[in-house]
Amino acid sequence: MAGIVTEGDKMPPATTIVGTPFDDDLNALADGTTLRGLAGDDTLTSHFNDTRLFGMAGNDWLTTDYSLIAPIGAPAVVSAEQDGGSGDDVMTVRLHAESNVLAEASAVLHGGSGNDTISSDLTVYFANPHASNWVDGGAGDDTIDVRARGYADLSGIIVSNHVFGGAGNDTISARAEIWLTDDGGIAENVIDSGAGNDTVTALAVTSLEGVGDETARNLINTGSGNDFVDVTAVARSNDGKYAINEVDAGSGNDVVRAYAITDSNSTQPVGSNKVYGGSGNDDLTAIHFTDGENWVTTVDNLVD
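In my numbering, the protein residues as written are 1 to 304.
These are calculated hints, taken from the structure and not from any lab test.
Careful, some of the hints might be misleading.
Derived CB-CB ranges, DEER-like [what the hints assert, rightly or not]: (1) 290 <-> 25: 52 to 60 angstroms; (2) 67 <-> 21: 15 to 23 angstroms; (3) 21 <-> 287: 29 to 37 angstroms; (4) 21 <-> 73: 26 to 34 angstroms; (5) 25 <-> 268: 38 to 46 angstroms; (6) 72 <-> 15: 43 to 51 angstroms; (7) 303 <-> 100: 27 to 35 angstroms; (8) 290 <-> 253: 26 to 34 angstroms; (9) 100 <-> 285: 37 to 45 angstroms.
Computed cross-link-like contacts, SDA-like style, restricted to lysine to any residue with a CA-CA straight-line distance of at most 25 angstroms [stated by the list, open to error]: (10) 274 <-> 113; (11) 274 <-> 255; (12) 274 <-> 224; (13) 274 <-> 213; (14) 274 <-> 285; (15) 274 <-> 246; (16) 274 <-> 226; (17) 274 <-> 303; (18) 274 <-> 242; (19) 274 <-> 147; (20) 274 <-> 173; (21) 274 <-> 184; (22) 274 <-> 230; (23) 274 <-> 152; (24) 274 <-> 192; (25) 274 <-> 257; (26) 274 <-> 290.
By construction, the Cβ of each residue, glycine as well, lies at the ideal position given by its N, Cα and C atoms.
Please build the complete structure, drawing on both the sequences and the hints.
Pasting the structure below:
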């Protein structure tokens, strides 16, 4: 038995749709809708803005896919929230915002208990772009893939991924990118993988086409366990740049690779790797690369 809500059903905006103890197929019908699957292996879907999907008990599929291109002079602000609850859940968010005034995208995802697969992909364009992912995998062996991208701005782009893996052997991939910014752009990944034998890959990138004081930064903490970490910060532009990696691997036999890459045409860039292995037999590497920039690079490599 299954509960089904379709577009043919008339529902008021900003409403809550509740499933059954069985396997439900629930669809958001307007901006601001909340879906609650209850028990069962549920499929929750939203193609609207500012929606909240709660899988609750069972092995659930949660999908939010929404794009907003605002008219001239209007902001584009998009958001999504998902909570898988207990069970092995698959959670996916894709958000896109374009505006010549303000473009913002934010996603909050909680995996809950179980071995969850979580992905979120955010893209913001043009004026004052800001994109942020906030993910908590919860207990279990989770696979998390997050991306935040910002393009074409005259006043600085800020994109960030914040991930907490929780207990379990987690695989976490994060990518933050900014392109064509003129002032003070930041691409940042902040990851705490929690306890367990975790694999963390992070890439933060700023573009050569930008002319502002941009920063590419990875801040990683893996906690206890035998962890593998591979992080790259790429800072390219026609002005000053910062490529920064900071990794605290915690206890355990860890492998850490940190790469800082800089390329600037007009000022002195800074490449910084700080890697702390903690207790255990660790294999630590910190390397700075440059692409023939016109100024002397400041390099800071610390391995402990």
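Hint check:
no., hint, result
1, 290 <-> 25: 52 to 60 angstroms, "53 angstroms, holds"
2, 67 <-> 21: 15 to 23 angstroms, "34 angstroms, violated"
3, 21 <-> 287: 29 to 37 angstroms, "55 angstroms, violated"
4, 21 <-> 73: 26 to 34 angstroms, "48 angstroms, violated"
5, 25 <-> 268: 38 to 46 angstroms, "57 angstroms, violated"
6, 72 <-> 15: 43 to 51 angstroms, "32 angstroms, violated"
7, 303 <-> 100: 27 to 35 angstroms, "46 angstroms, violated"
8, 290 <-> 253: 26 to 34 angstroms, "32 angstroms, holds"
9, 100 <-> 285: 37 to 45 angstroms, "44 angstroms, holds"
10, 274 <-> 113, "33 angstroms, violated"
11, 274 <-> 255, "14 angstroms, holds"
12, 274 <-> 224, "19 angstroms, holds"
13, 274 <-> 213, "21 angstroms, holds"
14, 274 <-> 285, "10 angstroms, holds"
15, 274 <-> 246, "5 angstroms, holds"
16, 274 <-> 226, "19 angstroms, holds"
17, 274 <-> 303, "6 angstroms, holds"
18, 274 <-> 242, "14 angstroms, holds"
19, 274 <-> 147, "24 angstroms, holds"
20, 274 <-> 173, "20 angstroms, holds"
21, 274 <-> 184, "23 angstroms, holds"
22, 274 <-> 230, "13 angstroms, holds"
23, 274 <-> 152, "31 angstroms, violated"
24, 274 <-> 192, "16 angstroms, holds"
25, 274 <-> 257, "11 angstroms, holds"
26, 274 <-> 290, "18 angstroms, holds"
Hint violations for this structure: numbers 2, 3, 4, 5, 6, 7, 10, 23, all remaining hints satisfied.
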